[in-house]
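Q: Produce the complete structure using the sequences and hints provided.
Quick note on numbering: full-length UniProt numbering labels position 101 of the sequence shown as 101, and the sequence is numbered without any gaps.
It is possible that some hints are incorrect.
[To be verified] Straight-line C-alpha distance at most 30 Å; calculated BS3-like pairs for lysine-lysine:
1. K3 to K226
2. K261 to K193
3. K235 to K169
4. K259 to K197
5. K271 to K197
[Stated by the list, open to error] Listed next, with one range per pair, are the computed distances between beta-carbon atoms:
6. K190 to P80: 34 to 44 Å
7. A288 to T109: 28 to 38 Å
8. G59 to T144: 24 to 34 Å
Hints were generated in silico from the structure; no laboratory data involved.
Note that this is a predicted model, so its numbers are computed, not measured.
Positions of the beta carbon are idealized from the N, C-alpha and C atoms, including for glycine.
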Amino acid sequence: MRKLSVKFMGDLVNSDGILHPILTRVKKDHTLMLAIRENFINIYYRGGNILNIKEHNKGFYQASFDDQYNKSGLHIPDSPTEINQQNDSRSWIDSFPSRKNIMDEYFSTYGKAEREFQQLIARENNNSTISNESEYFVSDIEVTEPYARFDIMAIRWLAAQRKNGSNCKVALIEMKYGDGALGGSAGLLKHLKDMEKLISNKDSYANLLETMESQFNQLDELGLLKFNKGTSNAKVKLNADEKPEVIFVLANHNPRSPKLKTILSDPEIDKYAQSQLFDLKFYVASFAGYGLHAKCMLPLTEFRGLL
Numbered sequence: 001m002r003k004l005s006v007k008f009m010g011d012l013v014n015s016d017g018i019l020h021p022i023l024t025r026v027k028k029d030h031t032l033m034l035a036i037r038e039n040f041i042n043i044y045y046r047g048g049n050i051l052n053i054k055e056h057n058k059g060f061y062q063a064s065f066d067d068q069y070n071k072s073g074l075h076i077p078d079s080p081t082e083i084n085q086q087n088d089s090r091s092w093i094d095s096f097p098s099r100k101n102i103m104d105e106y107f108s109t110y111g112k113a114e115r116e117f118q119q120l121i122a123r124e125n126n127n128s129t130i131s132n133e134s135e136y137f138v139s140d141i142e143v144t145e146p147y148a149r150f151d152i153m154a155i156r157w158l159a160a161q162r163k164n165g166s167n168c169k170v171a172l173i174e175m176k177y178g179d180g181a182l183g184g185s186a187g188l189l190k191h192l193k194d195m196e197k198l199i200s201n202k203d204s205y206a207n208l209l210e211t212m213e214s215q216f217n218q219l220d221e222l223g224l225l226k227f228n229k230g231t232s233n234a235k236v237k238l239n240a241d242e243k244p245e246v247i248f249v250l251a252n253h254n255p256r257s258p259k260l261k262t263i264l265s266d267p268e269i270d271k272y273a274q275s276q277l278f279d280l281k282f283y284v285a286s287f288a289g290y291g292l293h294a295k296c297m298l299p300l301t302e303f304r305g306l307l
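A: Structure representation (structure tokens):
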């Protein structure tokens, strides 16, 4: 399960924890995102991994940066591969500007806008000036499960229902950037087939929900979710028997292109719109931006009417 140990959490949260400077930097730098994995964390920059920190059973943390980003042969800062004290964490923080530059060079040639916008959605809804108004909170991005891969795991928690953590609902989100991503082997229809396989497997789906609960609650403990819970301090609890939402976020669709309308006219898509396993929704922005609200999620018939 993608979850951090009590020690890992303490080293991030406590002011004297050896990883605390890194958490503090992430909170201050909105170009960075902390994602929880199984006994390790990824720090994302523009959708790429600028720092991986893994807990070692001997009491220290292994830190690494993917040198594959350095196609331009720029100088890579000499940061410690083991984090044993706060100064080691600070050394990595000091190296972030250089590593960002390396990644910027890489993305200028090998850009993946979809991943960058995934991180933007997470930031807007988890930790921004409008996140308290959002009704969807992102627990993870770049999700790989036995039966499916998708972009964003989120928890729908309506603004009027924050007193009870059991009022939450699962939202599995796929982002498509540009019309070129709508069809083919990773297109809309293939994604819906994979979602059906994932949700119909009760064990895999139950494990996924357990992971989402844990990630959300740990992100909250880390102070990486900015929303008003009132006085309840409710913990999220997800129900595997409740239908999740499967949501498409279609970024930068060309309104002059017939491609999306053609794909959504496929009778196979209609079948999934009537699924007993999930509610199919399409995100439509509230004028502009990526704040996610229940009223922004349209069923297939309403969404078709906009095309």
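Q: None of the hints should be skipped; say for each whether it holds.
A: We went through each hint and held it up to the structure:
Taken as a hint, the K3 and K226 pair is honoured in the structure, with Cα atoms around 20 Å apart against an allowance of 30 Å. The straight-line distance between the Cα atoms of K261 and K193 is roughly 19 Å, inside the 30 Å bound, and the hint therefore holds. About 13 Å separates the Cα atoms of K235 and K169, which keeps this hinted pair within 30 Å; it holds. Among the hinted pairs, K259 with K197 is consistent with the structure: their alpha-carbon atoms are about 26 Å apart, no more than 30 Å.
For a cut-off of 30 Å, the pair hint linking K271 to K197 stands: about 15 Å separates their Cα positions. The given range of 34 to 44 Å is respected by K190 and P80, whose C-beta atoms sit roughly 43 Å from each other. Between A288 and T109, the C-beta spacing of about 29 Å keeps the proposed range 28 to 38 Å intact. Between G59 and T144 the beta carbon distance is about 29 Å. The supplied range of 24 to 34 Å therefore holds.
Comparing the model with each numbered hint stated earlier shows that all of them hold.
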